[in-house]
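Q: Chains A, B and C supply the protein sequences, listed in that same order. Number 28 in the numbering used here belongs to position 28 of the first sequence; there are no gaps in the numbering. Number 430 in the numbering used here belongs to position 430 of the second sequence; there are no gaps in the numbering. Number 37 in the numbering used here belongs to position 37 of the third sequence; there are no gaps in the numbering.
In short, the hints are calculated from the structure, not lab data. Just so we're clear, the structure is a prediction, and the values are computed from it rather than from any experiment. Be aware that one or more of the hints could be misleading.
Taking CB as the label site, the calculated pair distances span [said to hold, decoys possible]:
(1) SER67/B <-> GLU19/C: 56 to 64 Å
(2) ASP391/B <-> LEU109/C: 14 to 22 Å
(3) LYS34/C <-> SER417/B: 47 to 55 Å
Heads up, the beta-carbon is just placed ideally off N, CA and C, and yes, glycines get one too.
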Amino acid sequence: MNRFLIPFGLFIVVVGFLAVGLTLNPRELPSPLVGKAAPEFSLPQLHDPGKIISSSDLKGKVWLLNFWASWCGGCKDEHPVLIHLAQSGEVPIYGMDYKDQRDEALAWLKEWGNPYQVVAVDAPGRVGIDYGVYGVPETYVIDKQGVIRYKQIGPLREDILKGKILPLVKELQNQ
Amino acid sequence: MIPEIGHYALILALCVAVVQGILPIYGAAVRNSSLMAVAKPAARGQFLLVLLAFCCLGYAFAVKDFSVLYVAATSNSQLPLHYRLAAIWGAHEGSLLLWVFILTIWMVAVSFFSTHLPDVMRARILGVMGLVSVGFLLFMLTVSNPFERLIPAAFDGRDLNPLLQDPGMVIHPPMLYMGYVGFSVAFSFAIAALLGGTLDAAWARWSRPWTTVAWCFMTVGVAMGSGWAYYELGWGGWWFWDPVENASFMPWLAGTALMHSLAVTDKRGSFKAWSVLLAIMAFSLSLLGTFLVRSGVLTSVHAFATDPKRGLFILVFLAVVIGGSLVLYAWRAPRVGLGGSFSMISREGMLMANNVLLVAALGSVLLGTLYPLFLDALDLGKISVGPPYFDTVFLPLMTPAIFLMGIGPLAQWKQASLPALAIRLRWAFGVSLVTAVVVPWLMGQWTPLISLGLLLAFWILATIVVDLRERLLQTEGGGGIGGRVATLPRAYWGMVLAHCGVALFIVGVTMVKGFEVEQDVRMNVGQTATLGGYTFQFDGTEQYKGPNYIAARGTFRVTQDGREVTVMYPEKRRYFVQNQTMTEAAISPGLLRDLYVSLGEPLDDGAWSVRLYHKPFIDWIWGGCLVMAFGGVLAISDRRYRLAWRRKEAAVPATAQMARPTVS
Amino acid sequence: MRWLWVLILLLPGLASAYEAPPLATNQQAEARLKALAVELRCLVCQNQTLADSNAPLAEDLRREVREMIAKDMSDREIIDFLVSRYGDFVLYRPPWKLTTTLLWVGPFLLLGVGATGLVFALRRRQKKLTDVTLSEAEHNRVAQLLSEGVRRP
Chain A
1 MNRFLIPFGL FIVVVGFLAV GLTLNPRELP SPLVGKAAPE FSLPQLHDPG KIISSSDLKG
61 KVWLLNFWAS WCGGCKDEHP VLIHLAQSGE VPIYGMDYKD QRDEALAWLK EWGNPYQVVA
121 VDAPGRVGID YGVYGVPETY VIDKQGVIRY KQIGPLREDI LKGKILPLVK ELQNQ
Chain B
1 MIPEIGHYAL ILALCVAVVQ GILPIYGAAV RNSSLMAVAK PAARGQFLLV LLAFCCLGYA
61 FAVKDFSVLY VAATSNSQLP LHYRLAAIWG AHEGSLLLWV FILTIWMVAV SFFSTHLPDV
121 MRARILGVMG LVSVGFLLFM LTVSNPFERL IPAAFDGRDL NPLLQDPGMV IHPPMLYMGY
181 VGFSVAFSFA IAALLGGTLD AAWARWSRPW TTVAWCFMTV GVAMGSGWAY YELGWGGWWF
241 WDPVENASFM PWLAGTALMH SLAVTDKRGS FKAWSVLLAI MAFSLSLLGT FLVRSGVLTS
301 VHAFATDPKR GLFILVFLAV VIGGSLVLYA WRAPRVGLGG SFSMISREGM LMANNVLLVA
361 ALGSVLLGTL YPLFLDALDL GKISVGPPYF DTVFLPLMTP AIFLMGIGPL AQWKQASLPA
421 LAIRLRWAFG VSLVTAVVVP WLMGQWTPLI SLGLLLAFWI LATIVVDLRE RLLQTEGGGG
481 IGGRVATLPR AYWGMVLAHC GVALFIVGVT MVKGFEVEQD VRMNVGQTAT LGGYTFQFDG
541 TEQYKGPNYI AARGTFRVTQ DGREVTVMYP EKRRYFVQNQ TMTEAAISPG LLRDLYVSLG
601 EPLDDGAWSV RLYHKPFIDW IWGGCLVMAF GGVLAISDRR YRLAWRRKEA AVPATAQMAR
661 PTVS
Chain C
1 MRWLWVLILL LPGLASAYEA PPLATNQQAE ARLKALAVEL RCLVCQNQTL ADSNAPLAED
61 LRREVREMIA KDMSDREIID FLVSRYGDFV LYRPPWKLTT TLLWVGPFLL LGVGATGLVF
121 ALRRRQKKLT DVTLSEAEHN RVAQLLSEGV RRP
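Here chain A stands alone, though its shape is the one from the complex (with noise of 0.2 Å):
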C-alpha cells in the first residue's frame, strides 16, 4: 500500500509548487545588483549637453535613478507620482533618458511635468545593459556610499512609494 501511494504523494508536491506558481510572474526579473554598487556613469545632460553628470558626484546622499523615455507608456503612467514625490523633496530624483531623442525627450518633460534634478542622457542604451535594464520604467534606490539598495521593476505605485522605497530611503539618510 505505501509504495502506491508514492505517485499521489509526487503529485500533491507538483500540484503545490503550480498553485503557488499562479502567484508569481515568470517575467519579472529580480535585480542581481541589489547590495553592490551602483555602475559608474558620466554623460552629458538633457538640458545642457555641454554638462557632465556623473555618478560619483551624488555620493554622499541618498537618491533615486529613474530609467525612463518618451516612447514609453508606463513612465506616463508613473509620472504623477514622480512629480510628487519631487515636490515632497523626501529624495531627489535623477532621470536616466534611455534610448530616446532629446527633442521628443524635452518635449514630453515640458508636457507632462519634471521631476528630476538633473535628467542623464543614455542614447546608446550602454548604461542600461550597466544597471541591467531591461525594460522601461525602472528605478534604482542608491545610497550614500553609491550601493544599490532596491529595484523597481515597472511604473513606480504610489503604495510602493510609501511602503517600501520612502521607509528604506529614511533608513538610508539617517545612517
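On the provided structure of chain A, position chains B and C as indicated by the hints.
A: Relative to the frame of chain A, chains B and C by itself:
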C-alpha cells in the same frame, strides 16, 4: 441568435455530461443494466450538442459576427474564410470548445467500437469520459465562454495573429488535440478497470488499439507543430524545448511507454498496475499541458493569453481528476495479481527496460520544464532551462533505449540468452559501426555525435533486417517468402514500420545538426551567393498585396552546376490590422535537402540582408514521424482487432480469467 | 594605354562584384557571437535566444557581445559580464550550483531509481510466483469447472 443557440447547446451538453458521468458508474456499481445503458445514448447526445455549438461558433466566424467577443478578438473582415474558420481554435475559449468537441468524438467512437466489451466496463469508461467532459464544459461556461457577446458590437475585429494565418493552423491543433484527448480513452479504460476492482489481461488487450490510435494522432500533431515552427518562425529551427512544446512531447513519451507496457501486460499479464499508472500518467500530462499553456505560470512563445483565474480552475480540475485517480490507484492496485514471471534478459525485460528509460526521459523533460518554477516558488532565484540542458540530458537517456529497440524484437519471451542474442546481432552491429564511421568521413566532416546518431539509425535498420531475415527464411511451414510475408501479422509490420520511422527521424536530426550550413549575406540586385553547392542569385524585390497584408517579395534564382533548380520567393509582410511585420521564409523542400531563404532588413542602396540555409535531410525528421504514425495505423488494422470488434467475447467469471494462463 | 591597365586591374573586382559579401565584417567574431548568442536568453521575449530575437534590447546586447569579442574577452568573461547584470536567468544552460544540483543530477537519479525498481520488482515477482505455481494447476482445474458450470443451461 445563433451564438445563443450555441451557448444553450453547451449548457444542455453539460447536463447530459453530468448524467453520463454519474448514472452509468453508479449503475455499474450496483449492476443495474438500465442505468448502465444510459452511457451510450448520453455520449452520442453530447456529441450532437457540442457539434451544434461548434457549428454555431463557426457560423459566427463565417458571417463575421463581431458582436461575439471571441470573434471580434480573433478575426477580421479581411481575413480569408479558411483562416476565419481556423480562428475558431485560435485563442483560449475556442480551443477549449475544440477540446470538448474532440472529446465527444472519442466518446462516440468508444460507444460504437465497444460491442465486445462487457457492459459494466463500457458504462464505466463512458462515465469517466463524461466526468472529464463535465469539467471542461463547466470551465467554459463559467470563465471561458466563447459565445460571450460584445455590446455594442465591434466595427471590425482585431484579426488573427499573423503567425497563425497559415495552413498549419488549420491542421496542427486538431491533430494534436486528437492525441491529447485520445489518451483520455486509455485513461478511462484504466479507471474503469480500477473501479471494477479486478484488473485482468483482457483490459490490456482492449486498451491497446485505443492507445495506439491516440499515439498516432499525437505523433502527427507534435511533428506538425515542429514542421510548422520550422517554416513559419523564419529562423530555421524546428524544436526549442519550449514549455508548450514539452507539454505536447511528454504525453507522447508516456503514450509510447504505455504502448510497449501494454504489449507485456497483454501477452503475459504482468505489470498490470504499472500499465494502469502509465495510462493515468499520459492523460495527466495532457491535462498538465492544458494548464501550462493557459495559466501564465511559464513563459512560452506558444502560450495563450494568460489569466491566473483560469489557471486556478484548471489546477483545481487537474488536482481533482488526477489526485482522485491516483488515490483510486493506491487503493486498488495492490490487490492486482502479478501475472507471468520473466527474466531480466527476455523480451518483456527489455520492454520494461524501455519503459524505465522512457519514463526517466519523461521525468527529465518535466523536471527541466518546471524547475525554474520550483526555484522561484522557493525564492531561490530565477533561472532559465533551455535547449542546452535538454539536449545534454535527453540524449544519454534515449541512446540505450534505441539500442534496446534493436535487441528487443529478437529476444524470446520469458527467457532469452544474452550470448545467443549477441551472436545473432554481431553482423548488424558491425555494419552499423562501419557505416557510422564511413559516411561522415565521406561527407567531409566528422564529430562523435554524428557517428553516434548514424550508428543508432543504422543499428535499428540493420537489426530489422536481421529479424526479417530470420522470420522470412524459416524453412518450416513452406510457402516461400511471399507466403511468410503474408502470415506475419500486421501488428508485426506496424512495429517494423514504426521503428523504421524512428531510424529515419534519427538520420534527419543527425544529418541536419551535423551538416547544415548557413550564411548571412548582404545582397544587392544581381549578386549571388553560393551555399552547399547551390548558387542563389538575388533578382530584387517587388511589392505584393495579399488579402490582409502588403509584402516585399524577393526573387531568388537557384542554380546547381549551371542548371536552374528552382526560384524562391521569400517575403517580408506587414499585416494591416495588427501592424505586425512578419518574415515569410522561402523553402525549397527536397528528399535530400531543404534550401531556406529568409529576407532580413532592407539596407541602404537597395540591398537586403539575407540569410541562406542548406539543410540536408531535414524533411526526414517529419517524414520519419509520419512513417512512425503509419506503423501505428498498420498495427491497429491487425486481424485480431478487426475480428474482436465483430464478436462479443463470451462472458467468463472474473476469477477464472485471472487464473487462466495467457496464451498468445 | 593607361585606361587598359585600369581595366585589367578592375576586372577581378568586376567579377567578384557579383558575389554577395557576407553581412558581417569579421566572420570569426560572428561565429563566436552566434555560438554564445544561442545559449543566451532574450530578456524581453517570450522564450527566444539572443541569436534569434529582433527586439531592440537583443540587438543592443548582441552589439555589446560583439564589442567584448573584439576586446578579446574570453567566453567565460562575457558570460560573467551578462550574469552579473541580469542574473542566471540570461543563461539557457543552467549553471552548476547548489540550487541546480537536483536539476542536473535528477534525470540520472531517476534512471537509477527506475532501473533498481525494475530489477527488484522482477526478483520479487520470481520469488512469489515460484510459490504459486504449485497451485496454478489447481487453479486451472477450478477455472475449467467454473466455465463448464456457466455453459450448463
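Q: Each of the hints needs a verdict: does it hold here or not?
A: Checked hints:
no. : hint                              : verdict
1   : SER67/B <-> GLU19/C: 56 to 64 Å   : 58 Å, holds
2   : ASP391/B <-> LEU109/C: 14 to 22 Å : 19 Å, holds
3   : LYS34/C <-> SER417/B: 47 to 55 Å  : 51 Å, holds
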